[in-house]
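Line by line, the protein sequences give chains Y and S. If you use this note's numbering, the first sequence corresponds to residues 31 to 408, in order. If you use this note's numbering, the second sequence corresponds to residues 31 to 408, in order.
Among the hints, a few may not be true.
Since the list can't tell identical chains apart, any single copy or any two copies may satisfy a pair.
[Claimed, not checked] Here are the simulated lysine to aspartate or glutamate pairs, DMTMM-like style, with alpha carbons at most 25 Å apart: (1) LYS316 x ASP209; (2) LYS141 x ASP360; (3) LYS141 x GLU365; (4) LYS141 x GLU361; (5) LYS141 x ASP334; (6) LYS141 x GLU230; (7) LYS141 x GLU178; (8) LYS141 x GLU194; (9) LYS141 x GLU173.
It is worth saying that the hints were derived from the structure and are not from the lab.
Number of protein chains: 2
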Amino acid sequence: MFAGLNTPRLILDADRLERNAARMRARCDALGVILRPHLKTAKSADVARIAANGERGPITVSTLAEAEYFAAAGWRDILYTTAIAPTKLARAHHIQREHGARLLLVLDDRKTAAAMGEAAATLGARFGVLIEVDCGEHRSGTEPASEELVAIAGAIAACSPYLELMGVMTHAGHSYAFDDPVPIRALAEVERNAAVASAELLRTRGYPCPIVSVGLTPTLVFAEQLRGVTEVRAGIYLFCDLSQLSRGVCAPEDIAVSVLATVIGHQRRGAVPSLILDAGALALSKDVGANRFMPNAGYGLVCDAATLEPLGSLTVVTVHQEHGGVPVPDESWFESLPIGSVVRILPNHACLTCAAYASYDVLRGGELSEEWPRTSGW
Amino acid sequence: MFAGLNTPRLILDADRLERNAARMRARCDALGVILRPHLKTAKSADVARIAANGERGPITVSTLAEAEYFAAAGWRDILYTTAIAPTKLARAHHIQREHGARLLLVLDDRKTAAAMGEAAATLGARFGVLIEVDCGEHRSGTEPASEELVAIAGAIAACSPYLELMGVMTHAGHSYAFDDPVPIRALAEVERNAAVASAELLRTRGYPCPIVSVGLTPTLVFAEQLRGVTEVRAGIYLFCDLSQLSRGVCAPEDIAVSVLATVIGHQRRGAVPSLILDAGALALSKDVGANRFMPNAGYGLVCDAATLEPLGSLTVVTVHQEHGGVPVPDESWFESLPIGSVVRILPNHACLTCAAYASYDVLRGGELSEEWPRTSGW
Numbered sequence: 031m032f033a034g035l036n037t038p039r040l041i042l043d044a045d046r047l048e049r050n051a052a053r054m055r056a057r058c059d060a061l062g063v064i065l066r067p068h069l070k071t072a073k074s075a076d077v078a079r080i081a082a083n084g085e086r087g088p089i090t091v092s093t094l095a096e097a098e099y100f101a102a103a104g105w106r107d108i109l110y111t112t113a114i115a116p117t118k119l120a121r122a123h124h125i126q127r128e129h130g131a132r133l134l135l136v137l138d139d140r141k142t143a144a145a146m147g148e149a150a151a152t153l154g155a156r157f158g159v160l161i162e163v164d165c166g167e168h169r170s171g172t173e174p175a176s177e178e179l180v181a182i183a184g185a186i187a188a189c190s191p192y193l194e195l196m197g198v199m200t201h202a203g204h205s206y207a208f209d210d211p212v213p214i215r216a217l218a219e220v221e222r223n224a225a226v227a228s229a230e231l232l233r234t235r236g237y238p239c240p241i242v243s244v245g246l247t248p249t250l251v252f253a254e255q256l257r258g259v260t261e262v263r264a265g266i267y268l269f270c271d272l273s274q275l276s277r278g279v280c281a282p283e284d285i286a287v288s289v290l291a292t293v294i295g296h297q298r299r300g301a302v303p304s305l306i307l308d309a310g311a312l313a314l315s316k317d318v319g320a321n322r323f324m325p326n327a328g329y330g331l332v333c334d335a336a337t338l339e340p341l342g343s344l345t346v347v348t349v350h351q352e353h354g355g356v357p358v359p360d361e362s363w364f365e366s367l368p369i370g371s372v373v374r375i376l377p378n379h380a381c382l383t384c385a386a387y388a389s390y391d392v393l394r395g396g397e398l399s400e401e402w403p404r405t406s407g408w
Numbered sequence: 031m032f033a034g035l036n037t038p039r040l041i042l043d044a045d046r047l048e049r050n051a052a053r054m055r056a057r058c059d060a061l062g063v064i065l066r067p068h069l070k071t072a073k074s075a076d077v078a079r080i081a082a083n084g085e086r087g088p089i090t091v092s093t094l095a096e097a098e099y100f101a102a103a104g105w106r107d108i109l110y111t112t113a114i115a116p117t118k119l120a121r122a123h124h125i126q127r128e129h130g131a132r133l134l135l136v137l138d139d140r141k142t143a144a145a146m147g148e149a150a151a152t153l154g155a156r157f158g159v160l161i162e163v164d165c166g167e168h169r170s171g172t173e174p175a176s177e178e179l180v181a182i183a184g185a186i187a188a189c190s191p192y193l194e195l196m197g198v199m200t201h202a203g204h205s206y207a208f209d210d211p212v213p214i215r216a217l218a219e220v221e222r223n224a225a226v227a228s229a230e231l232l233r234t235r236g237y238p239c240p241i242v243s244v245g246l247t248p249t250l251v252f253a254e255q256l257r258g259v260t261e262v263r264a265g266i267y268l269f270c271d272l273s274q275l276s277r278g279v280c281a282p283e284d285i286a287v288s289v290l291a292t293v294i295g296h297q298r299r300g301a302v303p304s305l306i307l308d309a310g311a312l313a314l315s316k317d318v319g320a321n322r323f324m325p326n327a328g329y330g331l332v333c334d335a336a337t338l339e340p341l342g343s344l345t346v347v348t349v350h351q352e353h354g355g356v357p358v359p360d361e362s363w364f365e366s367l368p369i370g371s372v373v374r375i376l377p378n379h380a381c382l383t384c385a386a387y388a389s390y391d392v393l394r395g396g397e398l399s400e401e402w403p404r405t406s407g408w
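Let the hints inform the model, and build the full structure from the sequences given.
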């Protein structure tokens with residue numbers, strides 16, 4: 031079914047994608063929260079439509095380039111979840127004005143709020159703002175439910191009407207340190223509590239806080255309840271990958287993206303024989319986030335191109351820029367996978383793997399149907 | 031000088047680039063070999079012109095997308111150095127015919143030679159071919175100066191006139207295991223000898239072998255002599271990076287590419303305070319090839335944006351998709367690098383870092399002058 035295609039190439043199984051999307055929508059309905067899908071992995075309007083069951087609902091992005099792309103494609107309610115610097119406001123303003131979108135911006139610093147207010151006033155721009163609180167990852171965010179949080183809210187309120195405080199958000203990225211539902215569930219509660227307690231404090235002090243935003247795929251999958259949360263962000267559930275699989279967050283048959291690669295060599299001269307693929311460090315990325323809990327994941331799991339069933343336990347163990355080395359138990363593999371044959375590789379970390387490609391080749395019912403473009407850059 | 035630019039962004043210092051290019055040309059003149067620059071790092075016609083001092087001489091590429099890009103831009107003598115599969119010949123033929131270029135293809139397998147001959151005959155195409163020999167890296171290539179090599183040459187000759195044997199090539203990638211000129215020089219000699227002995231055997235058996243091709247930047251920098259070699263491939267010398275610096279292959283002031291990034295956060299809640307940059311795993315890549323010999327290189331060295339002087343010994347220690355975390359000794363760094371200020375990051379491995387960007391912002395005499403596009407994908 032892949033004859034005549036250039037490789038390496040990014041394949042997206044739309045049936046799996048739709049199943050993943052529907053499952054997370056149902057989960058969010060059950061949890062009583064709005065799903066604001068994070069599109070930093072997919073970077074595709076076609077995927078975004080499937081995430082929201084055909085609608086252009088609220089979305090999350092990680093770059094202003096994504097914000098611009100989705101705004102141009104008709105999305106109106108866009109949370110840009112990487113903390114903004116005041117120097118980026120002119121571009122954010124342009125995106126809002128040019129496309130009639132509304133950007134929600136994130137900050138975690140009092141001085142930044144004041145500088146943003148000044149910049150917004152100069153531009154004549156208005157932005158909704160979420161304050162990021164740090165629920166323990168220490169990547170970004172201020173202390174939850176703290177006087178510093180209240181001070182940031184005050185600094186934002188002082189910039190009215192140019193800045194409007196819309197709520198709080200947090201991200202329990204430290205949940206990736208576990209592959210056991212029990213601690214992930216505990217961190218989901220830590221994440222929920224950090225956001226909800228922050229929102230409650232702000233409301234007590236007279237600041238409105240309509241949005242209480244948490245989440246990433248693992249905490250949403252395992253959370254016991256999300257009372258007080260209004261909306262959640264997650265993205266990788268749409269595609270899944272070995273990083274999610276290794277943490278028990280998805281099943282193998284949920285992984286919707288794979289890299290089509292060609293066997294370009296049979297190497298007999300190393301310690302063990304190896305297949306050489308035309309998918310290396312650029313085609314797969316050098317992310318090995320799955321390997322903490324799946325030590326043999328290598329740079330990806332090698333599968334039959336047609337069925338996506340794993341070929342034994344073959345993985346891409348070495349990568350050079352354009353070469354991937356796959357050790358095989360014996361040279362009989364060279365007979366079943368001659369030079370010129372193709373395989374598909376399940377990615378270690380789909381966010382980084384997908385970033386190398388300009389488009390998806392879309393499978394439906396096992397047949398290639400369309401090509402969906404994706405955006406990139408900043 | 032970088033006010034108003036979106037970040038992250040790839041900056042190329044053309045003065046450093048020109049110096050690096052001139053030095054390698056002089057080195058190759060001294061060694062008596064033709065330089066066929068490898069453009070897998072730069073992926074840019076503007077850089078390629080500087081590499082060859084304004085000419086469109088012989089070049090090396092790692093993908094057919096690069097071959098197509100350079101052929102369309104007027105290059106005529108293109109070595110595609112990743113082993114070809116017969117399934118890719120139609121595209122290679124198209125590139126030759128559409129653009130009047132000549133592709134040199136690489137293979138290391140007897141059956142592949144026969145299959146390529148058949149495919150070329152069906153297409154009515156003619157290709158020059160190099161046989162790859164394995165000088166010890168075991169990535170790809172057949173045994174140097176072996177009967178198997180002679181058999182592959184025979185298989186190619188049997189496909190005349192569709193395939194024309196043009197010579198041999200090899201690549202001592204295992205030289206990256208050292209940061210000492212002595213073993214790198216020894217491996218340069220192993221690499222030279224593998225190629226030259228292979229060419230001599232083929233000539234003895236009646237096969238022409240006009241091209242004897244070796245090299246990568248470290249072996250070319252340290253080789254004592256290259257007698258019998260006709261041409262060399264190297265690419266990273268044009269840009270350099272921490273991987274080269276850590277192996278003693280370049281000086282800090284040779285590094286010509288850097289990533290311009292904005293400070294978007296001051297994190298006080300971790301074990302140590304950290305600057306948060308808007309350059310993370312996508313903007314820098316997750317390659318840490320420098321860290322074998324420069325354990326504190328992190329994902330890149332943080333420098334003053336204007337002067338490119340290192341800021342203390344600050345490095346990007348953690349990366350998320352769009353966040354880079356830079357631990358700082360104390361919070362006084364938050365005063366000197368407020369939110370919204372910019373820094374430049376010297377990349378750990380430039381080949382992978384550059385791949386995330388669609389263009390270079392070019393500095394000349396310390397001033398931004400042009401934007402040079404780069405190609406990507408496959």
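Now for the hints, and whether the structure bears them out:
1. LYS316 x ASP209: For LYS316 and ASP209, both the intra-copy (21 Å) and inter-copy (22 Å) Cα distances are at most 25 Å.
2. LYS141 x ASP360: Between copies only: 19 Å across chains, 62 Å inside a chain, cut-off 25 Å.
3. LYS141 x GLU365: between (65 Å within a copy, 12 Å between copies)
4. LYS141 x GLU361: between (64 Å within a copy, 15 Å between copies)
5. LYS141 x ASP334: For LYS141 and ASP334, the Cα distance is within 25 Å only across copies (22 Å; inside one copy 54 Å).
6. LYS141 x GLU230: Close inside one copy (23 Å), not across copies (71 Å); limit 25 Å.
7. LYS141 x GLU178: Within one copy only: 12 Å inside, 70 Å across.
8. LYS141 x GLU194: Within one copy only: 16 Å inside, 68 Å across.
9. LYS141 x GLU173: within (16 Å within a copy, 64 Å between copies)
Of the numbered hints listed earlier, not one is contradicted by the structure.
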